[in-house]
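Number of protein chains: 2
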Amino acid sequence: MIYNYSDRVKNLKGNAIREIFALLKDPELISFAGGFPTLQTLPNKEIKEITDCLMNSEEALHILQYGSTEGYTPLRNTVASFVKRYGIENVTEDNVLIVSGGQQTIDLTNKCFVNKGDTVLCEAPTYLAFLHILKTYEGNAVGVKSEEDGISISDLEEKIVKCQPKLLYLVPTFSNPTGKTLSEKKRKAIAELTAKYNVMVLEDDPYSELRFSGERVKSLKSFDKAGNVIFTASFSKTIAPGLRCGYCIADKEVIRKLTIGKQATDVHTSSLSQAIINEYLKKGLFEPHVESIKKVYKEKKDAMAEAIKKYMPCDKIKFTDPEGGLFIWGEFSDNIDTDEIFKDVCLKTKVAYVAGSTFFPGENVKNTFRLNYSNATLQQIDEGIKKLGDYFKNLLGAK
Amino acid sequence: MIYNYSDRVKNLKGNAIREIFALLKDPELISFAGGFPTLQTLPNKEIKEITDCLMNSEEALHILQYGSTEGYTPLRNTVASFVKRYGIENVTEDNVLIVSGGQQTIDLTNKCFVNKGDTVLCEAPTYLAFLHILKTYEGNAVGVKSEEDGISISDLEEKIVKCQPKLLYLVPTFSNPTGKTLSEKKRKAIAELTAKYNVMVLEDDPYSELRFSGERVKSLKSFDKAGNVIFTASFSKTIAPGLRCGYCIADKEVIRKLTIGKQATDVHTSSLSQAIINEYLKKGLFEPHVESIKKVYKEKKDAMAEAIKKYMPCDKIKFTDPEGGLFIWGEFSDNIDTDEIFKDVCLKTKVAYVAGSTFFPGENVKNTFRLNYSNATLQQIDEGIKKLGDYFKNLLGAK
Numbered sequence: 001m002i003y004n005y006s007d008r009v010k011n012l013k014g015n016a017i018r019e020i021f022a023l024l025k026d027p028e029l030i031s032f033a034g035g036f037p038t039l040q041t042l043p044n045k046e047i048k049e050i051t052d053c054l055m056n057s058e059e060a061l062h063i064l065q066y067g068s069t070e071g072y073t074p075l076r077n078t079v080a081s082f083v084k085r086y087g088i089e090n091v092t093e094d095n096v097l098i099v100s101g102g103q104q105t106i107d108l109t110n111k112c113f114v115n116k117g118d119t120v121l122c123e124a125p126t127y128l129a130f131l132h133i134l135k136t137y138e139g140n141a142v143g144v145k146s147e148e149d150g151i152s153i154s155d156l157e158e159k160i161v162k163c164q165p166k167l168l169y170l171v172p173t174f175s176n177p178t179g180k181t182l183s184e185k186k187r188k189a190i191a192e193l194t195a196k197y198n199v200m201v202l203e204d205d206p207y208s209e210l211r212f213s214g215e216r217v218k219s220l221k222s223f224d225k226a227g228n229v230i231f232t233a234s235f236s237k238t239i240a241p242g243l244r245c246g247y248c249i250a251d252k253e254v255i256r257k258l259t260i261g262k263q264a265t266d267v268h269t270s271s272l273s274q275a276i277i278n279e280y281l282k283k284g285l286f287e288p289h290v291e292s293i294k295k296v297y298k299e300k301k302d303a304m305a306e307a308i309k310k311y312m313p314c315d316k317i318k319f320t321d322p323e324g325g326l327f328i329w330g331e332f333s334d335n336i337d338t339d340e341i342f343k344d345v346c347l348k349t350k351v352a353y354v355a356g357s358t359f360f361p362g363e364n365v366k367n368t369f370r371l372n373y374s375n376a377t378l379q380q381i382d383e384g385i386k387k388l389g390d391y392f393k394n395l396l397g398a399k
Numbered sequence: 001m002i003y004n005y006s007d008r009v010k011n012l013k014g015n016a017i018r019e020i021f022a023l024l025k026d027p028e029l030i031s032f033a034g035g036f037p038t039l040q041t042l043p044n045k046e047i048k049e050i051t052d053c054l055m056n057s058e059e060a061l062h063i064l065q066y067g068s069t070e071g072y073t074p075l076r077n078t079v080a081s082f083v084k085r086y087g088i089e090n091v092t093e094d095n096v097l098i099v100s101g102g103q104q105t106i107d108l109t110n111k112c113f114v115n116k117g118d119t120v121l122c123e124a125p126t127y128l129a130f131l132h133i134l135k136t137y138e139g140n141a142v143g144v145k146s147e148e149d150g151i152s153i154s155d156l157e158e159k160i161v162k163c164q165p166k167l168l169y170l171v172p173t174f175s176n177p178t179g180k181t182l183s184e185k186k187r188k189a190i191a192e193l194t195a196k197y198n199v200m201v202l203e204d205d206p207y208s209e210l211r212f213s214g215e216r217v218k219s220l221k222s223f224d225k226a227g228n229v230i231f232t233a234s235f236s237k238t239i240a241p242g243l244r245c246g247y248c249i250a251d252k253e254v255i256r257k258l259t260i261g262k263q264a265t266d267v268h269t270s271s272l273s274q275a276i277i278n279e280y281l282k283k284g285l286f287e288p289h290v291e292s293i294k295k296v297y298k299e300k301k302d303a304m305a306e307a308i309k310k311y312m313p314c315d316k317i318k319f320t321d322p323e324g325g326l327f328i329w330g331e332f333s334d335n336i337d338t339d340e341i342f343k344d345v346c347l348k349t350k351v352a353y354v355a356g357s358t359f360f361p362g363e364n365v366k367n368t369f370r371l372n373y374s375n376a377t378l379q380q381i382d383e384g385i386k387k388l389g390d391y392f393k394n395l396l397g398a399k
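The listed protein sequences correspond, in order, to chains A and B.
For the first sequence, position 309 (counting from the first letter as 1) is numbered 309 according to this note's numbering, and the numbering increases by one without interruption.
For the second sequence, position 133 (counting from the first letter as 1) is numbered 133 according to this note's numbering, and the numbering increases by one without interruption.
Hint data in this document are derived by calculation from the structure and do not stem from the laboratory.
These numbers come from a predicted model, not from an experiment.
This list has only true hints and no planted wrong ones.
Pairs involving identical chains hold if they fit within one copy or between any two copies, as the list cannot separate such chains.
Straight-line distance between alpha carbons at most 25 Å, and here's what the computed SDA-like set of lysine to any residue pairs gives:
| no. | residue 1 | residue 2 |
| --- | --- | --- |
| 1 | K159 | Y5 |
| 2 | K116 | D7 |
| 3 | K10 | N198 |
| 4 | K48 | K282 |
If we strip away everything but chain A, and leave its shape as in the complex, we get:
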């Protein structure tokens, strides 16, 4: 049998990071490649207790039955209040769609707004799964310049005028991969600019709860007066990714269209997952749990930042120092191809990063890399950065 795949997937390879994982089954390897939460922080005891209560309650059978595509009503109501913490006001359950992880919102938004050949703008670099998903809709990703405080507003306007994009995709807080945060001033400017030009915005916020220093910034959605911003977040980084549960907030009409898109894929998100998350939030477990995770992440980020200062050739590589999230971003001043050296680095140092090129839409940026600190121990962080530092010093010295 010769399989005639559709154009949209014909040339699609697996997500680069998942490919790396397959490659790297060596147990000795220290991986800074993933973006997983710290395993030990996952709240199995609380989830056991919650499930016990749920399965003994009158709700049990309804949780096991088919649910509505929009989501479990108690969770939709809980989320409608919950998002006030992001400055998102005047939201009812009609503005909430429960999704099977934040990634599903990226899929549904592209499904509902992007035709083949349409342009979608994003920060360059950006979350690689967004680029992957956009390919399945045969859209065209165009990168907007990234500055210290997020995308360049002048470059954004220029590209809106030039490309007439359907959509702007952003991870405004603790961006994946750079860890940068978009300033409040720019958020306001983006809300105004995109409304003016009739461009939809997808604000992807998996990380803002993981802020361990600095001040909280209001969401871009909180500045949305035109109804063109879709806000999405998940409980993957704050409760447990294995439950696959997130949500999006948008204008009612948009929610109805996204719901039709979701109906055509998984009918609805696991009701058990939804009910667990709802109870977790209602019992007040979220805040103290997030506080405890943040301590762990701050410690790990500090350890990595310190190790970088100690072992890395910091005159030749610039690193971000994020106030939250999961990632540090490195950029060589020299013309180093981080893709090309990747296998050699893994082989010689037994340390893995993700080459930056995978996060850029089309452009040929080769001298960057992403480091994750949430999924390694403090000892591994010190040891891994030392090994990487030695390798890079040697590499740069030899040039």
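Let chain A serve as the given structure and place chain B on it in line with the hints.
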């Protein structure tokens, strides 16, 4: 804001049945419209016990962490053995993809094989969500004639030659909406015919476990020598739909492509749901549970068939009498438009069916309707069919 939706969803309305549910919030209404399992059969106690064990085990943290897109390895292995009951042999975990309900396989198969304008063949009538999903890929559904024992093989060959379809979609056992089962002879013929013409087949099997009379028929996949058949089933009708967990079986290469498609939507299926299903199967709970459900369904089907004989104008309406599944299909010999009378029926009888037109690809078939018996009590079945029968007799008498 004017929302410029993509062509694929612009004209898409919600699933007809879900729209009906919204319409019919009257608590007095007897609904034969859905396709839900009987609420009281859902195994909440067993799921509570299983979750207890899982969350106390060493696996707990891994179940709450990100998993692989292909699925939870223990469940993939369990499923690889489990499908022997359908005559599917020589399967390893590499042939298994865990999905978030069988509907996701329909989505992924269309995503991976169907370009805009491509033809997909299906039985006429067929599962309405398939028609809905195909629209989101801008494919073109063409119906193949339905006979007593499933689709017509001569019509199938004619349409394969004429339309050069990418895919054939079938619910071979206890079809939704008709309740018909494709004969073994025809399954073999279809496997050979589609292999000859290089057409992929999606065999959707949500119902075959719910056989309460007659003999089990081997799956179409069991006759697949070319590797062109994708088999999908879920645990929604046998364990609990709220967990959103199913699987598909296909050639390794096809599984890899479907996996890339799934990665771009929900990353992976809820690991908690997957682990619960795996334990349920491994503990031997599946067989006795399905036996107990079948008794309930047989009783309900018998009650509905009996009420039909008693109250319906059976000289003017032909009904199927299925050996399993969830549905009975009615067909008027007169030219009755079941869509047109639907609201009047609901208003006057407080009984709901689904008009048959929604299950036909394009064709203008108006004189059919679907009745579900799993979600009403025996008393409601007798009462509802009596009311419908009276209405129909009156309608036909008045003509």
